[in-house]
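*Asks:* Could you build the full structure based on these sequences and the hints that come with them?
Order-wise, the sequence lines are chains A and B.
Under the working numbering, the first residue of the first sequence carries the number 1, and numbering increases by one thereafter.
Under the working numbering, the first residue of the second sequence carries the number 1, and numbering increases by one thereafter.
I should point out that these hints are in silico values taken from the structure, not numbers from a laboratory.
All C-beta atoms in this analysis are idealised placements derived from N, C-alpha and C, irrespective of residue type, glycine included.
Do not rely on the hints blindly, as some may be mistaken.
[As the list claims (entries may be wrong)] Covered stretches of chain A, as calculated for chain B (at least 3 residues, CB under 8 Å): (1) 113-121; (2) 164-171; (3) 213-226; (4) 232-242.
2 protein chains.
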Amino acid sequence: MVVSFAGPFLAVDWGTTNRRVFLIEGGQVAKTERDDKGVTSVDDFAAEAVAIRARFGDLPMLLAGMVGSNIGWQVAPYVAAPAGVAELAAGLFWIDDRTAIVPGISTLVGRRPDVMRGEEVQLLGAVAAGLVPGDALLAQPGTHCKWVEMADGKVADFVTAMTGELFALLRKHGLLAAQLGGEVTLGAAFLEGVEDGKRQDLAASLFGIRAAKMLGQRDDADAASYASGLLIGTDVAARLAASKHDAVHILADPVLGGFYAAAIQAHGQSAYLIDSHAAFIAGINEIVSQ
Amino acid sequence: MVVSFAGPFLAVDWGTTNRRVFLIEGGQVAKTERDDKGVTSVDDFAAEAVAIRARFGDLPMLLAGMVGSNIGWQVAPYVAAPAGVAELAAGLFWIDDRTAIVPGISTLVGRRPDVMRGEEVQLLGAVAAGLVPGDALLAQPGTHCKWVEMADGKVADFVTAMTGELFALLRKHGLLAAQLGGEVTLGAAFLEGVEDGKRQDLAASLFGIRAAKMLGQRDDADAASYASGLLIGTDVAARLAASKHDAVHILADPVLGGFYAAAIQAHGQSAYLIDSHAAFIAGINEIVSQ
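*Replies:* What follows is the structure in structure tokens.
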């Protein structure tokens with residue numbers, strides 16, 4: 001690592017729709033701000049970097065997330081899994097001599113191409129901070145849920161499921177949209193969906209939501225919870241079937257993380273919720289200390 | 001059956017978006033017309049019936065399809081599977097003494113609620129006409145693909161997969177839409193999708209379409225064919241895993257039917273394409289002859 005990150009520095013978790021800036025001093029967060037200036041709402045990234053330094057200090061800056069994608073500032077090429085902190089540090093993409101982007105990770109294990117960009121900092125930080133073991137199955141639920149096999153403290157392999165996006169599409173468009181307007185709660189309907197998700201037969205189980213309505217079997221007030229349980233449960237069933245672990249460590253906000261935890265527990269496995277912000281800071285510190 | 005269908009009569013296959021009217025004389029189609037007056041574009045069904053009789057003859061009329069649903073003329077209650085021609089004939093819903101709606105079929109086998117309305121005439125007609133055996137697995141691909149277990153010439157059980165609707169949603173909305181604009185063709189990319197569909201891991205395999213693009217592994221021109229193969233292949237994999245047969249009889253237009261046939265053959269099973277219009281007429285004739 002270049003000497004420029006030895007003192008205080010700025011870290012930016014720059015995603016598609018949101019951005020969080022951290023001023024890090026002595027490994028601790030001295031100041032932080034979150035806004036909605038994700039990469040899709042930014043045209044001039046250099047000007048944004050100037051503005052960030054004007055607010056947080058004229059310091060070296062480490063960027064992570066979609067800012068390094070083809071819709072971001074510049075493309076930081078993926079490093080191939082297995083990848084740890086050393087590989088990320090070696091693959092930093094330098095915009096200038098004090099501004100760098102953390103690369104994403106790609107995998108091609110088992111003929112399944114997959115990519116991540118942004119999640120890698122949290123994942124490796126969670127291990128570095130001792131929040132999760134170096135050999136474990138991690139989940140990062142969201143629009144696209146990442147399921148990550150960590151081995152020897154590195155990202156060994158991973159798979160992304162479009163679970164959150166499918167739920168959003170079904171709530172907004174198509175046959176089921178009118179039924180899925182209700183709030184998702186962690187109750188009997190959700191767990192019934194998780195149970196039916198064990199079939200791993202999503203396209204058919206989804207139609208069952210319509211059929212249950214036609215046959216008077218389920219109130220539409222419960223349909224969204226059932227659908228969420230079905231989608232998350234199908235995702236969990238597929239991942240646990242391929243897992244050699246008996247627990248999953250979840251990096252997510254408590255609500256969504258709680259839904260995944262309930263589905264994992266319904267499969268008889270343990271689920272641990274991990275603080276993803278702490279993991280991100282630990283990951284950034286680990287990269288700059290290489 | 002009442003005597004009113006003993007002579008010439010009218011049969012109407014009245015779906016959500018389209019309608020087909022047949023004048024049937026001596027069991028044969030004497031005249032037919034197809035238009036886009038599906039139930040969603042009709043307000044006054046009684047007036048439509050008068051108009052049909054004005055064009056085709058003042059005859060008894062048998063209606064099938066969504067015309068008997070809660071968005072149709074009047075609700076013809078489902079009859080429960082197992083159901084054959086006799087059960088449909090006994091369950092006819094009479095609008096007046098010479099106008100009847102064929103009921104749909106419902107199932108609750110194995111805690112899986114499912115419904116059909118309109119497909120039942122084709123299914124039972126295919127058996128009645130000797131186009132398929134009385135014990136067989138039938139598929140009716142479409143927006144919602146019906147998979148039907150026929151036993152002793154009756155609809156014994158069935159499951160509906162939202163395969164076509166999911167494909168349409170993904171082509172129009174969300175992350176993959178920009179990649180899926182291409183034409184679907186029955187080539188290597190489609191068959192690769194069918195192969196990956198054997199994993200029955202749809203939400204994750206779909207994200208692979210994005211990842212393959214990011215890693216330069218597949219041209220977007222092939223992405224739609226791959227996605228179609230993946231969706232149809234996942235559907236086929238789930239159904240064949242639960243099937244006791246070694247063949248599937250497909251009621252569909254030749255293009256979509258051909259896609260399903262290729263996926264079924266990729267699983268080492270036989271696929272037979274059946275003329276769905278001939279099956280419908282045979283089914284209607286069988287119902288009126290009860």
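*Asks:* All hints are to be evaluated individually against the structure, with a verdict given for each.
*Replies:* How the hints compare with the structure:
1. Remark: the region 113-121 of chain A is confirmed as covered by chain B, as 3 of its residues place a Cβ nearer than 8 Å to a Cβ of that chain, reaching the required three.
2. For the region 164-171 of chain A, the assignment as covered by chain B holds, since 5 residues bring a beta-carbon within under 8 Å of that chain's beta-carbons and 3 suffice.
3. Under the rule that three or more residues need a Cβ within less than 8 Å of chain B, the assignment of the region 213-226 of chain A holds, with 3 such residues.
4. Requiring three or more residues with a Cβ within less than 8 Å of a Cβ of chain B, the coverage given for the region 232-242 of chain A holds, as 3 such residues are present.
Violated hints: none; the structure is consistent with every hint.
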